[in-house]
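Residue numbers (our numbering), protein chains in the order written: chain A, 1 to 613; chain B, 614 to 1199.
I should point out that these hints are in silico values taken from the structure, not numbers from a laboratory. It cannot be assumed that every hint is accurate.
Taking lysine to aspartate or glutamate and the DMTMM-like style, the derived pairs with C-alpha atoms no more than 20 Å apart in a straight line are [claimed, not checked]:
1. A/Lys138 <-> B/Asp1002
2. B/Lys1135 <-> A/Glu590
3. B/Lys1161 <-> B/Asp1002
Here are the in silico distance ranges between beta carbons for each label pair [claimed, not checked]:
4. B/Ser1096 <-> A/Pro358: 49 to 59 Å
5. B/Arg719 <-> A/Asp262: 23 to 33 Å
6. B/Val925 <-> A/Ile598: 51 to 61 Å
7. B/Val925 <-> A/Met511: 53 to 63 Å
Here are some chain B residues the structure puts well away from chain A; computed CB gaps all over 12 Å [to be verified]:
8. Leu882
9. Asp914
10. Asn944
11. Ala949
12. Asn1005
13. Ser1031
14. Met1033
15. Glu1181
No residue lacks a Cβ here, since even glycine has one placed at the ideal position from N, Cα and C.
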Amino acid sequence: MCKHACSMIRDMADNRTTATPPQNLSGISRPGRGMQVVKPKNLKGTLLRLWNLTAGKRKGLGWVLLLSAFSSAAAIVSPRLTGSIITRISNRDTITLLLILLAGLYICDWFVKFMQQFLMAAIGQRIINHIRQALFGKIKGLPLRFFDKHQHGELMSRLTNDVDNISTTISSSITLLMTYSFTIIGIFTMMIILSPVLTMITLCSVGMIFVLTKVVTRHTRKLFKEQQKYLGVLNGQIEEGISGLTVVKAFGREKEMEADFDKKNENLCKTSIRALIWSGYLMPLMNVINNICYLTIAVTSGLLYINGKLSDIGLISTFLLYSRQFTRPFVEIANVYNNLQTAVAGAERVFEIMDEEPEPEDRADAAELENPKGEVEFKNVSFGYDEGKTILKDISLKIPAGKKVAIVGPTGSGKTTIINLLTRFYDVNNGSIYLDGKDLRDYRMGDLRKVFGVVLQDTALFAESVRENISYGNEGASLEKIKEAAASAGADAFIERLPNGYDTVLEQGGMELSQGERQLLTIARAVLSNAPIMILDEATSSVDTVTEQKIRKAMLKICENRTSFIIAHRLSTIRDSDIIILIEDGRIAEKGSHAELIELNGKYAEMYRTQVG
Amino acid sequence: MKLILSYLKRHLVIFCISTAFLTLEAVADLLQPTYMSYIVDDGVANMDVKQILIYGGIMLGIALFGAFCAIMRNHFASRTSQTIGKEIRHDIYHNVQQLSLENIDRLQPASIITRITNDVTQIQDFINSIMRIMIKAPITGIGAVVLIIIQTPKQAPIMIVIILVATLLIILNILVGYPRFGKVQKKLDKLNGVSREFLSSVRVVKAFRAEDKETGKFRNASDDLAAANTSALRAMAMFAPLINLTVNFGIVLLLFISQDQDAADIGRLMASVNYMGQVMFALAFISNVINSAVRALASSDRIKEVLDEKPVQHRAENPQRPEIKGRISFNDVSFAYAGSSRNALSHISFSAEPGETIGIIGPTGSGKTSLVNLIPRFYDTSEGEIKVDGVNVNEIDEEYLRSKVALVAQKALLFTGSIMENLSWGLENRNKTTAKDGESNVYSDDEKARIYNAVKIACADEFIGKTKDGYNTLLGQGGVNLSGGQKQRLSLARALIKEPNILILDDCTSALDANTESSVLKGLSEMDTKATVLLISQRISTVMRADKILCLSNGTIQGFGTHTELLEKCGTYREIYESQIGQLPA
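Isolated chain B, as found in the complex (with noise of 0.2 Å):
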């Protein structure tokens, strides 16, 4: 609530007149029945037709003006929740952007996108609802009460009751109704489990033959939810015609109170039955008022999650620029991830000169993805220190060591756009530029080189080619229309547009044909200039031709050295080697 509270205060002033509008315009609906009374009591039964007319006159105006502050108060509300939606989407999207990825791995990036999107939409309309109606039924409401005991004070005690009573109501509905609801949660999030495992499953579910287990499954998830459904319904259909109940009474009890009211008041009696039903109605909403808080408090309580998030990594103090060659050197690094124990790696050192070509293997899980990812860190090291061209990365402008060093993950990601627009990130000059102005089409002579050439290393060129609109075939999100290949391809040529001094390749080529692959390393090592390349692979042939080869197992190094060399000294090393290629001769 502190966080609605606190983007709330930012348009306090137009809250507070459009909830000043709000009022007024319960007010002239309050206002209606009471001028009636005067029409009955006055105009009919002193039989003055004059005075009809100017009571109708002045509900007229009454009328008039509640529409007048309707309209404004809704000019007011749809700005400001529609405004404060905005704001808080762009504050954790800003928020989000700043965090390390230490963070996003713990809240989640599925998650994170729910929150901003659909918990801020809950948030929004919550919101636009209060500034509506929600504020307006309780003023209704209360007005109603008040003018009832005004116009009938022996009703006061029984208005007292049915307010009472009500409340009674109303929080026994919430009581019963709510941890009823929870299991019913809970029940459908079952549900979507057991769908979801058989979606992702299908093939062996058909191939095992196993289609009644899993209908078997469903059916007693579906079973189950039905039952909590039910009975979460029906503990509901008792609340909202006990509490029209309770007010109905009232109107009868009104009514046999009024028994011997004066004929001269009747009109006020009819006023009170007209107002009884307001009370009715603003009973009704309150349940609502509490029950879209409860989810909007949910909400906010997940929004503030992420906009509390601090980035666990520190910003240097005093950001260096050295400049860079690449020389790469870990000293002692041990690292790992938050929340778990294990070290993904202990105790690495190792050291790579400009221009080196620095193979990686090892097994899955050794820890050659985590020990690439802390060079442009990604994750800061738990213990030693990684220096690239002798200055500690931590003491590094984050955006300079970023633009200096081009990481290729296993997994290409390529944003929707055309293929030239996700080729163009690699363009570090061009980026100011296109967040300007349109000009992203306009490219020097210079960087087209630049684009092409590394499209032709990363042997992309060929099939970029051969799609209809070549260089601007537009790609869907994640790049879907594109094989695993391709987009690794594409990735790849995107990091090499960045000529950068330190070039990861993390397993990149996996999805490749050796054929292809081969053909994009040959590339690589032909390249102008030289960059210090670090070449995770699972397959020794792709590393094998390195400078130097590390070979990592368990977090720990096995082997560091040329490949004779670990075909000698390196017990795993010569494993590898084995499984994959074939009994060394003794």
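Just chain A, with the same shape it has in the complex (with noise of 0.2 Å):
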């Protein structure tokens, strides 16, 4: 009985059956409705391993799973008190001391069920909050290779809505469960000792309900899939026709994107109406079940009671409450299993996370770095992002300290890739790094990355003051040296005319400033850095060349006497670094300074002269 009896809960959950009563009315972090439910890999192994995640969180949780077995009496044991009172009623005998019974059982069922939900609040967002947390600080420890992979949006998801619903569907789950298991056993239990007659014709009835659920839900199954794969193919084209937009305008595309929409739309609405028919029919038809189970009890119990089987009239009246109360939690519970899954889906996208293997720990003996000279030297590194893709080949290069070098390159040859292998931003595959003849790896991770001072290619502002943004990083320093940055990097006359200036909050983390003094923005969070070893990638490609000769300024100036290194696309940036280095298909293809690349009128010198003319 029991395994048919979670067989059909699976199959009710597969039809999502709606019209459940609301929890409460908040609406907000229950998952959507139409939402597919996604089946987790390995419910079980899961559910452990967050109620292992949540160890310590959960004070409380025994009393509302106390209080659970509590709130589910009312239910079992208030159909058979209203009956006996019918019987005393109709034997015309005194019933104050049963009705003020009744009372009590229903004021502690208030009381019951009020505690429970709130003192569930606040454990379910405890659990949430440290969840979320042990996420996040999982994430922020992760390699870059794993952000490349990941998109961002995705990510967010996980940490919202994925957390979200696992704590507040389980912790909702574990009560109602708790409820429902409890009302199903004590009724059944109720119904037995009082007439197995009657208590035959309900358990008909979920039987009925069993089959009927089987066969609907054959149907359904394959149909959501289907409607699940017409609407991501339909948003799939309102995505890219609405932001491309401009695109569509301008090849006068107009109409057929229409009609290539209207083609999805009408597709998603057959199948959506043909699955939510089938899905539809679940409903009534298990009204009319419980109808006919209904008068069934009706019509039986007014026999048996006519010959002299059933020993009062209120029982009558006990069963029909008890046949109404007694399909309903196979209903909620079917609805809980499949809120369920969805969370513990959820929570494996979590887990996902959670297993993803941090940014590697320093070694034991890893050394301390203390006023690094800054000498760089590769040794037969080779590099790729993806197995079986060699990004760089056997790049050696030694480089004394405080020099500029220059790469350039063909984009995709390998030159942002130097520079992540030199933060470690990623590992080399093969060979070494030496900094100052250590091996990188020897290092600590912290002290390793205090030697570089970047400018990266995104210009990544916050939402914060300016000032807080130049102190990135470096949030001790004083508001002087904060202005004397900003001042060799060219930032100030800009700083100076912002609304608050250096308290300028930038709400819109920086999208309020021109690409131009974003960048400069970077290079003064650089230049406060004050590393050894500066890092420039590509930090005037996209700034006009009137302000990219202000950059350039402000470059040359934080670059003396410190080994650096400058990515750029245009050549006229690095003509006076002291090395170049010229990239090509991940080797090292031409090295020298300007003059000399130009002597060995190589690939170096061509480029330069298509690009000078």
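Work from the hints to combine the two standalone chains into their complex.
Written as structure tokens, this is what we have:
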């Protein structure tokens, strides 16, 4: 019976039965209707892991579970109590005591349900907060490789939606499952004691619902899958059509796009209707089974009473109420199971991240790094982001301290990759990189990153004040130092024009500034870090040439007496570097000063001529 | 709500039929306890087996009838809600396509996409549940109350009190709940903001060892959200159990006042107790109804905003289709983006002759892109006029104009489909046929020649040849499986296939290395059909060989002339030249 009940519940869950009275008014945290149930890969294992993850945050959960047991009491006892009262009324006995008992039962029921929800609110949020922060803690320590592979939107949805789903669903599922299981067992026991015959009728109706669900599910499972597919196709078209509207207009393709859209829209509509109709059969048919069960009980109990097989008339009422209450928990549990599956699938996505390999830990004998000179050496370095696709091939290169190095080469040749290896955003596959004669991996990561001041292609600014943005990573810096840094980056002029100067908050994360201004701020940030090695990755690629001039001046200034790496498309930027390295196809093709390379009359000279004309 | 109603109105007949079935279904449910009471009062009390069976038969009939009604309304509800969803989606999409880019900028594409997907689904679900359960719950509730009063008239005043109290509780629930959940939403936005910022700046965070700082920000936002949620959920924990308690007390009172009930009417009392259960169920649902309605309302407002949006650009009353050779003239043109007080372009006047190549150079933000966007009427001028072959662009048939002008933007946008399908956008006559039938893979020799030629000029032939499926290589959404430079070359080829009379290249070779770029430019200059070319670039080496160069700064023309002329006369141009190429000999 238990096994059958379980599979029935699963079938019902597949049908996404709607029509459950709400647990609360919020609606915000409940998973949206129409969402497809995603099946978890390992329900038990994931639940167990969740359980372990929330260790220490579950204080009070025992109480809630205890309360759940009690909260089914009203459903189990009150029909019997009501039946007794009705019997006594028909026998003209006094009912005062029983009424007080019933009122007491209802008050207890109210209190228990209230406390249950009240307590669960805090426990649930404590757990969710814990999981969320644990997840973030994990994410922040992951290597860049991870961020390359995952889209931001997807990660954010894990941090909020998935985590939220896990907690609300699981916390409510636990209590509901408890309550309903108790209710089913309790009512079943009561019914068996009171009248085995009437119990059989009720069980029959449960069995019928089971069969019905099986039949309906067989049809809907496929239909919902189809619906999801068409929905995906339509959404893809919408996204393309709208974000690419300029191109659509430029090529006069509006009519074609719309026709295409209509076709996909129609497909979705057709399958949705079929899926909905089929799944919609379930509720009314369940209702009719309930009604038939109800009337059968009314008739049978009437007949039993007449034949003297039913002790008192109140039992008729008791069973009628039970028949209404017995099937509902099955439907409800199906819903709970459904939500639980979605939540556990969400939890699995969260655990996927939890299981990612973090940045390698420092070696036990990792050396401290103080006042590095800035001598860098690449020895037979090979590297690829993906297996089987090498980007850098056997790079060897020695850079004495204090030299300005420029890296040039066509897009995709591996320029930025060199920087990524130097800062240990990624680790080499083969060979070694040495800083002051020691392998990078022998230093502590924290110390190592302090060695580099970086200005990257993407000008990342934060929704904080200009001042905080410049002192990012150097929180203690005085305003004086910050202004100094801004001045040497040539950013002071525009900062002072901002409404609140250095205290202006960049509400939109810097989008209110021009690209050049953003770049100057990030240069100021690098200046302030006063790092021994500077890295400037295409720092001037997206600004106009006049601003570029400014930035170049600022760069030259901060590169003085430091080892520095500059990547640039425009050769004009890097002409006065000490060493120019031309990377082509992952290898060093040419190396030398500007004059030397021009004299060599190779690729660099050719590139220079085409750019300069 | 008006929006939902206006769509429902289109399906009014079906909606009414469906509601009628729903009502009958509710009535069928409601009649069960009444007949049950007859079984008890007439059958059981009189020990009359026949009566019991007769009433049992009637109940069975009613139950089956109820099921029939339910199946009918299920059909109608599913059909109506999905059809309305389809109609709204169509209407939004259709309207968005008609809008000017200025409208789109204001509404933001991402927001439009959410509206057409999530918000429509929201409304669809709402209509579906209205037609399934939301109307049924109140009908059942009211019916149950009426029947209770009929069965046990003494209960009437108590029922009124119960309903008043329950209503009060539901209102309180809303008053207490919504502000709190509004706060939750705000905190959630904050948390999302913090995570987004972290994710998009992760390199910088790592490079500056600021992981702890970011963790702190996240912890604060997360704690705030948890606190807001707890407070909201706790406030809500009060109400649902209280509503239950109210109805349950109604049962106690019902039993209390029925103490001296005639034994012959005991069935009626049982029926009333049953009906109380249905009242409770209905009340629990009403708060759900309100909740869904509020959300659907918010969605419908967001959708209405898009549907009400009117294109800001006017279509010409008598659209002209002049022969376009490629003469462009700007006459004192000024332009400002909507909502901006600053002119992006001020008093621009210049002209280009058919077949000429005009280079456009200037610092970022100087108005280069704004200027060329005015030619195919992506935006309209604020002042002054732009003429193409002597006709004001506002008077030219928009579709015709755009078929003669090709604009290749810096950000190359490609669409899901094969490389060939993407390129075929440039074949104007093909557009019509692809939409109609499936013969999209059949190209005439002439068309093929056009495509291959364009691909060659754009230097895209080499990498297309290297892909496994060549021209049939499928591109993911937005061309995700191509590099920036490859996308730019494809989008250039797509424009060239159009064989436009005016070709606008908006820094569209920025992701190409210098060598590829120069061969692309060489190919362009050797094309057979001479289009007027407007060539925007940051690199002076790219524009300096153009027939004439337009040097912009701050939305104004700094100089217009040949390379040598500008070097002589235009300070800004000279500055750019020196910064990129080196000091000129004095």
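Checked hints:
1. With a CA separation close to 63 Å, the supplied pair A/Lys138 and B/Asp1002 exceeds the 20 Å bound.
2. A hinted pair counts as satisfied when its Cα atoms are at most 20 Å apart, and B/Lys1135 with A/Glu590 does not qualify at roughly 27 Å.
3. For the hint linking B/Lys1161 to B/Asp1002, the alpha-carbon distance of about 19 Å falls within 20 Å, and the restraint holds.
4. About 30 Å separates the C-beta atoms of B/Ser1096 and A/Pro358, a value inconsistent with the hinted range of 49 to 59 Å.
5. Take B/Arg719 and A/Asp262: their Cβ atoms lie about 26 Å apart, and the range 23 to 33 Å holds.
6. Separated by about 54 Å at the C-beta atoms, B/Val925 and A/Ile598 satisfy the suggested range of 51 to 61 Å.
7. B/Val925 and A/Met511 have their C-beta atoms about 24 Å apart, which leaves the hinted 53 to 63 Å range violated.
8. Under the 12 Å C-beta cut-off, the non-interface status given to B/Leu882 relative to chain A is violated; the minimum distance is some 6 Å.
9. With a cut of 12 Å on Cβ distances, B/Asp914 stays outside the contact zone with chain A, its closest approach being about 17 Å.
10. No Cβ of chain A comes within 12 Å of the Cβ of B/Asn944; the nearest lies about 24 Å off, and the non-interface call holds.
11. Non-interface status of B/Ala949 relative to chain A is upheld: no Cβ of that chain comes within 12 Å, the nearest being about 17 Å off.
12. The claim that B/Asn1005 lies off the interface holds: its Cβ sits roughly 19 Å from the closest Cβ of chain A, which is beyond the 12 Å cut-off.
13. For B/Ser1031, the non-interface assignment is confirmed: its Cβ lies about 15 Å from the closest Cβ of chain A, beyond the 12 Å cut-off.
14. The beta carbon of B/Met1033 is kept farther than 12 Å from every beta carbon of chain A, the shortest such distance being approximately 15 Å.
15. With 12 Å as the threshold on Cβ separation, the claim that B/Glu1181 sits away from chain A holds: the shortest Cβ distance comes to roughly 17 Å.
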